[in-house]
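Starting from the structure of chain P, add chain U where the hints point.
Single-letter residue listing:
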Amino acid sequence: MALVQKLLNGTYILRKCPKASAAFCPSLSFRFADYCSSSLQKSGPAAKKGSWLRKSEGGLQGRHQEEVAVDLPSPEEKPEVSFDRAIEDEVKDHFKRLKDEIVNHWIGPEGRPLHEVMMEQAKVVWQFRGKEDLDKWVVTSDKTIGGRSEVFLKMGKNNQSALLYGTLSSEAPQDGESGRSGYCAMISRIPRGFFERKKTYDWSQFNTLYLRVRGDGRPWMVNIREDTDLIQRKNQMYSYFMFTRGGPYWQNVKIPFSKFFFSNQGRVRDVQHQLLLDKISSIGFTLADKVDGPFFLEIDFIGVFTDPAHTEEFAYENSPELSPRLFK
Amino acid sequence: MSWAQAALLARGLSRGWGGLCGAALRGAPFSQVAALALRGLHRSAAACSSDLSLVPSPPESQRRPVKVLEPHEELFKQAPGGERDKASFVRAVQCFGQQDVRRRGHVDFIYLALRKMREFGVQRDLAVYNLLLDVFPKEVFRPRNVFQRMFVHYPRQQECGVAVLEQMEQHGVMPDTQTEFLLTQIFGRRSYPMLKLVRMKLWLTRFKNVNPFPVPLHLPPDPVDLAKLGLRHMEPDLSARVTVYQMSLPSDPASPEEPAQPHIVGTPVSSAGIQSPDQQAALARHNPARPIFVEGPFSLWLRDKCVYYHILRADLLPPEERDVEEVPEEWSLFYPMQLDLEYARSAWDDSEFDINEVEEGPIFAMCIAGAHDQATLAKWIQGLQETNPALARIPVVFRLAGSAGELLTSSGMEEPPPPRPEAQEEEEVPQRQQQGQG
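Which chain is which? The protein sequence lines are P and U, in order.
Reminder that position 303 of the first sequence reads as 303 in our numbering, one-by-one numbering, no gaps.
Offset between the second sequence (1-based) and our numbering: plus 1000.
In case anyone wonders, no lab produced these hints; they're calculated from the structure.
Hints may contain errors.
Covered, in the sense of this in silico footprint (three residues per stretch, anywhere, with C-beta under 8 Å from a C-beta of chain U), are these stretches of chain P [stated by the list, open to error]: (1) 119 to 133; (2) 299 to 308.
No farther apart than 16 Å at their CA atoms in a straight line, the calculated lysine to aspartate or glutamate pairs in the EDC-like style are these [claimed, not checked]: (3) 198(P) - 110(P); (4) 123(P) - 1354(U); (5) 199(P) - 226(P); (6) 1305(U) - 292(P); (7) 1201(U) - 1176(U); (8) 290(P) - 1304(U); (9) 1305(U) - 289(P); (10) 157(P) - 1315(U); (11) 290(P) - 1169(U); (12) 157(P) - 1357(U); (13) 1208(U) - 1169(U); (14) 123(P) - 1350(U).
Which residues of chain U face chain P? A partial, calculated answer using Cβ under 10 Å [as the list claims (entries may be wrong)]: (15) 1163; (16) 1195; (17) 1199; (18) 1202; (19) 1231; (20) 1299; (21) 1349; (22) 1351; (23) 1357; (24) 1358.
All of these numbers come straight from a predicted model, not from anything done at the bench.
Even glycine gets a Cβ: it sits at the ideal position worked out from N, Cα and C.
Excised from the complex, chain U in its bound form:
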């Protein structure tokens, strides 16, 4: 409550009581005084509530909460003109070490440094973790007699050591012999941080190569390289070829006939596509009467980066239209081309699952484009036409969904696709469309 409010309150109160006292002094009878007092008090109370309230109001929300710096946070403050990188982090840690030989407050400092590591980008650097463990004073926390060994000696420091190792484990950093030596020096060989180190050495080595589709730790910064990596990651066929389609700048002077177009400033949008020889052959065999669809965008995660890809696919052929493989006439008299022996397998050799697998139409190509609009994808289709001349005669329908994350699969018999808010459909080549597929 500010002084103004207090003064008003005092004045109001004094008005009430003053009136009462005045009436009492004037010698009015008690009931009258009481009534006057009540009225006066009520009036004064009414007067009070009109300008201010007796209950103190909460502090104004316009005032921003003052941020209190943690004890050693000023060491990590960004130097003017400097950037947050490994050198400044190392400098901050060393500065703390030099301030005090006894390293007062080292536990809080280490927790703070662990929180700040991500900002400085050093969370995967083993040397920095070793430097951080170096902050602990040595030989102090080692147990010296059986009682200290029985109880957890210096529990807070041991917890802090375990926290450092836990963050290393979280980021997949493998500790080395220097870490082990530091921990032995600080905590001794039979301590919780040492135990955690032994467990890390065991389990991290066990699970190092457990991913059958490994993604490199450092992803390429260039989006085209990332796209190529993503496409190779998705396509199991090793003989598939990746092609990069470069788009020209919209402000290219090669198109002077549209000077009134709004100037779009930007880098050239390029896309990368992948197609294997089997897919090429399948596309050549495809019936031009049935359309093929460009579907997307679908998300693909590479470590912590998400790229979006589009696919070119056709619907599943209904059973009556599926080709029966022709039996070629025998072209070799020495041995038969086709053997029809029934090696009947009895019940104990049957390892097929009793379920019909989900059948979907064939996929002809995939691409990761810079933009998800139809123009970029049309460029991709045009680029594909160079290697697949059959594509020129097939109608292409664009089924672009607004939201990523759901694969729109379609097979022969289905309900009409549910309406999506941003779905666009267009025909590349004006041809008769299939019913219910458009």
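Here chain P stands alone, though its shape is the one from the complex:
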């Protein structure tokens, strides 16, 4: 509907001052005459699509009112071409990232000197101290398959933590094929390098995951996904449980990486192997404990560290009954 309004308003303004718009947007191709009405704002390359539409719509409505009074558009609201400029900005940004990556490679891994990286024993990977930290995460729920769970993510009080809250509903969607439903998840976005190349985390010198959380007693599941460039790896993940205690005290959860079990396409496999830490792509928290009701989880930060007391390599051994080919 917004698009229709934009189109209508756009045509009205274009009719009013066709010469002016042609003068101001010289490099507009014919296709974009409908969309790029004369009041387009310049949008940065990082601006989301929704905000772009909203900005142009607001400007559009303002200009429409002005159009009634004055014939020509005012000089400070000069219509600018955003498409080409946005492309330019985007390309510049990507080349800057490429330059950073090459320069960082000379300094050391991930842009830090080698001795610092090698000596590091504890590293904070995700912290929640501002709105930009929330942008690194995505929340999903079973609404995508037609369920009724809701989940939201926002900053906690004083911008010191993130609060993931919502309502879980295990009512199965009536689509003829789902028997059970009811899950909510928070997954980290894969960090992107130049030209949207996927970057991975390298945690090979750490052996434990550290989470400082405050929950409400519900059991969560922590899922780690490895590098997803290969097609087969897209559905594989390593998971373990995170039991929250509930209560007003902060809880420090330490999960060694040797405890994560392997699952493919949502099913735990017979052949288990340990999680290799050199190409970690994303981490996620899931709640699917089949109990309807509201939930919340407050997260302070997520880090990895080396626990010198933990010497286990892998917690699950393969059984000859279930996977006989391994023992031939």
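Just chain U now, with coordinates in the frame of chain P:
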């Protein structure tokens, strides 16, 4: 379309065509007949649309959809005067078994029984699952030659067996040797249900004790016991003491001076509170000039039950007011009370995270109350005053949020708390309040 509508339609149509035929028979010219026909048809059509439409109308919504019972659902029907429990469920399953030796329709019956288990409350009962597996005819579905072993023999029955085991797994029921024997008898040792059983035996035992804060499977029905369990679950200090405060009935004859009060019928509202000795000491040390807050209700989930708790906390002291620990003078000459050696740890021994942890004010006590209103919580505070006499001099502010699920944390510097629709604030003891904290 009902018969009345059909009759009207017939009459309308006949009116149109009858007029036409009449005109034609009277020998009017064709154009006139045609015009008459058109007009007549249109008129009749108009007449038709005024009373009824040619398009059949959808069925009336007042008629309730007739519920069709599934094939064996009448076995699970509630007997008059009987209740839905294990005995009636077992009776229904056995009834099906006795009806037919060949167990016709057993797959559908088993799926139906799996759906009905929750109503009868037997979803965690292993004996009932074994009884349900007993419904399968034995020895029929076992593969007898290599071709039957190659292809999935009786796939629908194997899927049904796997569904039974999946529901067991979902409710955390561990299968036993009888289940294994039944599955061997029904499907053979190399079948999908047997494979699932082996996987269940492996993974359920692996994850049996994986919860570091276990909650008992059968929660106590009494709310006070549940509250005590919840408080003990939340408090990590093992030396904390739980106290139960019993409230008297509002219709107690001990208060005869208010006979006009509306009679509130209800059970006595009791609450349970917990406080550890460290918290008691901290409360005794608390500066009476700063208020303390009762915040809540926050939700705590114990398996599938949600209880709400309130906390008594104080704000974080600003850095300038924090006490510096005094160094006591040496009271022992044999060895020093305080060593100030700098065991400098180099970079490879540093396992601290490079982040400032969230700092919050100290918590003095917690309680789970029957009601979330201020009167019940005031009773709790009064009960706390018996063990903490310092509490009488400290102003207590009630910050009760309407919606549960968000912890209102507050530290020294913050923006004013956002207005909540049901937030109540009151002072227990009239004293000067801190600015911006009220």
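Status of each hint after checking the structure:
no.	hint	result
1	119 to 133	holds (count 6)
2	299 to 308	holds (count 5)
3	198(P) - 110(P)	holds (14 Å)
4	123(P) - 1354(U)	holds (7 Å)
5	199(P) - 226(P)	holds (11 Å)
6	1305(U) - 292(P)	holds (10 Å)
7	1201(U) - 1176(U)	holds (9 Å)
8	290(P) - 1304(U)	holds (9 Å)
9	1305(U) - 289(P)	holds (13 Å)
10	157(P) - 1315(U)	holds (14 Å)
11	290(P) - 1169(U)	holds (13 Å)
12	157(P) - 1357(U)	holds (14 Å)
13	1208(U) - 1169(U)	holds (12 Å)
14	123(P) - 1350(U)	holds (11 Å)
15	1163	holds (9 Å)
16	1195	holds (8 Å)
17	1199	holds (7 Å)
18	1202	holds (6 Å)
19	1231	holds (9 Å)
20	1299	holds (5 Å)
21	1349	holds (7 Å)
22	1351	holds (4 Å)
23	1357	holds (7 Å)
24	1358	holds (4 Å)
The structure shown violates none of the earlier numbered hints.
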